[in-house]
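**Student:** Spelled out, the chains give:
2 protein chains.
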Amino acid sequence: MTTSFAPLQNDCFLRACLRQATDYTPLWLMRQAGRYLPEYKATRAKAGSFMGLATNVDYATEVTLQPLDRFPLDAAILFSDILTVPDAMGLGLSFAEGEGPRFAKAVRDEAAVAQLAVPDMDRLRYVFDAVTSIRRALNGRVPLIGFSGSPWTLACYMVEGKGSDDYRLVKSLMYSRPDLMHRILAVNADAVAQYLNAQIDAGAQAVMIFDSWGGVLADGAFQQFSLAYTRRVLAQLKRTGVDGQAVPRIVFTKGGGIWLADMKNLDCEVLGLDWTANLGQARAMVGDSKALQGNLDPNVLFAPPEAVAREARAVLDSFGKPHTDRGTTGPTHIFNLGHGISQHTPPEHVAALVETVHSYSRSLRLG
Amino acid sequence: MTTSFAPLQNDCFLRACLRQATDYTPLWLMRQAGRYLPEYKATRAKAGSFMGLATNVDYATEVTLQPLDRFPLDAAILFSDILTVPDAMGLGLSFAEGEGPRFAKAVRDEAAVAQLAVPDMDRLRYVFDAVTSIRRALNGRVPLIGFSGSPWTLACYMVEGKGSDDYRLVKSLMYSRPDLMHRILAVNADAVAQYLNAQIDAGAQAVMIFDSWGGVLADGAFQQFSLAYTRRVLAQLKRTGVDGQAVPRIVFTKGGGIWLADMKNLDCEVLGLDWTANLGQARAMVGDSKALQGNLDPNVLFAPPEAVAREARAVLDSFGKPHTDRGTTGPTHIFNLGHGISQHTPPEHVAALVETVHSYSRSLRLG
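Quick mapping for you: the protein sequence lines, in order, are chains Z and E.
Here my numbering is used: the first sequence runs in plain steps of one and ends on residue 369.
Here my numbering is used: the second sequence runs in plain steps of one and ends on residue 369.
Pulled out of the complex, with its shape left as it was, chain Z reads as follows (with noise of 0.2 Å):
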């Protein structure tokens, strides 16, 4: 392990994240390094299959700092994919052309649940050498953001061996077999803890927790099989990274906007929401204990500059004015995108976006 990492240039996200006033409002967007960019599209061809690229630490470093090269954004974002933790307890990840990621095993038996363990981290070796890796090219420009998926999420996958489009077996499994379910998300989040861990001893600077499915749950349900592990994952998290900083930890949940008061009590500095939570009244709920994170829907991107521009203007008024004050935290917001970025996006609208919100949130600032 190294801790001769160059100092950091740009902190206005890491500022943001420790609710911390900054000049204008950081932005990053989710799944930045992807297939919207024709260089992503050379790199993985090179690497000859998604998973031959993200276990490969050159092209990993590679594409992680393509969008960085293209746009301005304020933080990259480890190249990886949530089912690595999976993947290491020898389920088998493989991403089929045109399809979605698969697991060669799924786990939907007494039998299969009772095999599960937290893997050894060595298996995984790859995805934080990545990390230092990248740390080191980014060299200082802007933070690193290590990433996993949320113990229900990896769950989901787990268990129906694939994505799903109304996570029959996931959700048969968890109310036939409650004590099953319950087994293998605390085997999870153990997992993910260690991971995450690993990755900040590597040289991550924030990391974040992707609950994509926590929105499917029922009301009653995301609180026991998804908050619950995501707590036990938070609780174990180092605080601090390789250079003493602290590490924010950021928790996304896709469509969990309606569980807010929910989540406002999490242990962790940033609660990301989508598209459909209004920011404003975000801010208002969680009060003085969460920056926020988001939230323009991925779809206006397909929309002309003009349109991309007056939509973000709309995301940063409803947040409203940031706090401006360096001497206290206060409210502060972090823009990003609902969910990740689709492939069908033209890379120029993308630079609209963050233009718009680079200059507007400024005048924002002042107004």
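Some clues are possibly wrong.
Pairs involving identical chains hold if they fit within one copy or between any two copies, as the list cannot separate such chains.
Stated by the list, open to error - Cut-off 25 Å, straight-line C-alpha distance, at most; resulting in silico cross-link-like pairs (DMTMM-like, lysine to aspartate or glutamate): (1) K164 - E101; (2) K164 - E99; (3) K43 - D168; (4) K43 - D167; (5) K43 - E99; (6) K240 - D131.
FYI, nobody ran anything at the bench for these hints, they're computed from the structure.
The structure presented is a predicted model; accordingly, all values stated were derived computationally and were not measured.
Starting from the structure of chain Z, add chain E where the hints point.
**Tutor:** This is chain E only, laid out in the frame that chain Z set:
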């Protein structure tokens, strides 16, 4: 038109819609006439195709009554499809085997939008005939609910041409050319209002607007492109049926729980909720204005009967004790799923659900 329908024997559902006290919580299930029933599949096979089933008055009557012969449900719902109205506009609806609905013509440009108009209701005569036929066949057992898709939900299918994962085409049009989207929605709203009024004239005793895709919209866009046009429909609806009785209006936006503060001011009697909503919190929020309908996760029905009963009780407990004073109106609950019942549901689990809702809701009122 006839007004000589048999007197209603079970008014529990209609009373609950109007916030009047009932001895137990009435229950019906979205898509209760459907593929989980072997007798439905048999009729469907005779009809040859889904549209062959929906457009034949005798078949539509037969399948509407099938679930009532199995289970003591408290309402019947017209067997039809939400997309009959755009079909009558000339878009050419079909259902490919194993896929969802599909339109021969999609509405994606100025020329296609300019051609849209409220269809001659005579093209939907088969629906109104089915309503009258079903009402006669029910012979007063339970009330009959008519329905339509919401203007926004119809627009999603009209622009996409079929179902969608990401609503890219319809949202692209909405953000790029809001003027065209408003024109589509205005035509849809006026068509839906005429369509529901004709169902009321044919004998429907309650009507429901299914805003199945309202929940995919961003905050702000939902209010502007979905809710405003649901409001336009509601403003045009008849308030009494052919027998002079009040016709309650139900609005259900899948994923709309986050916007309950906006929806509580709608001019309708009942709001439907999906399983992400907490009924107790929703009851506190809507206050004196609305009955609530929902909201069991349909996936619960894959679990064994004991688990189904446990989760059904949890939904009833979540709403709490309804008011019991026959002299006034007050909080009432209509039990339903949070979305349509799955084709994979074992019918005997539905029997357990119905039995539990009826018996436990009686005991709740005594507690």
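**Student:** Please flag the earlier hints that this structure goes against, numbers listed from lowest up.
**Tutor:** Structure breaks no hint.
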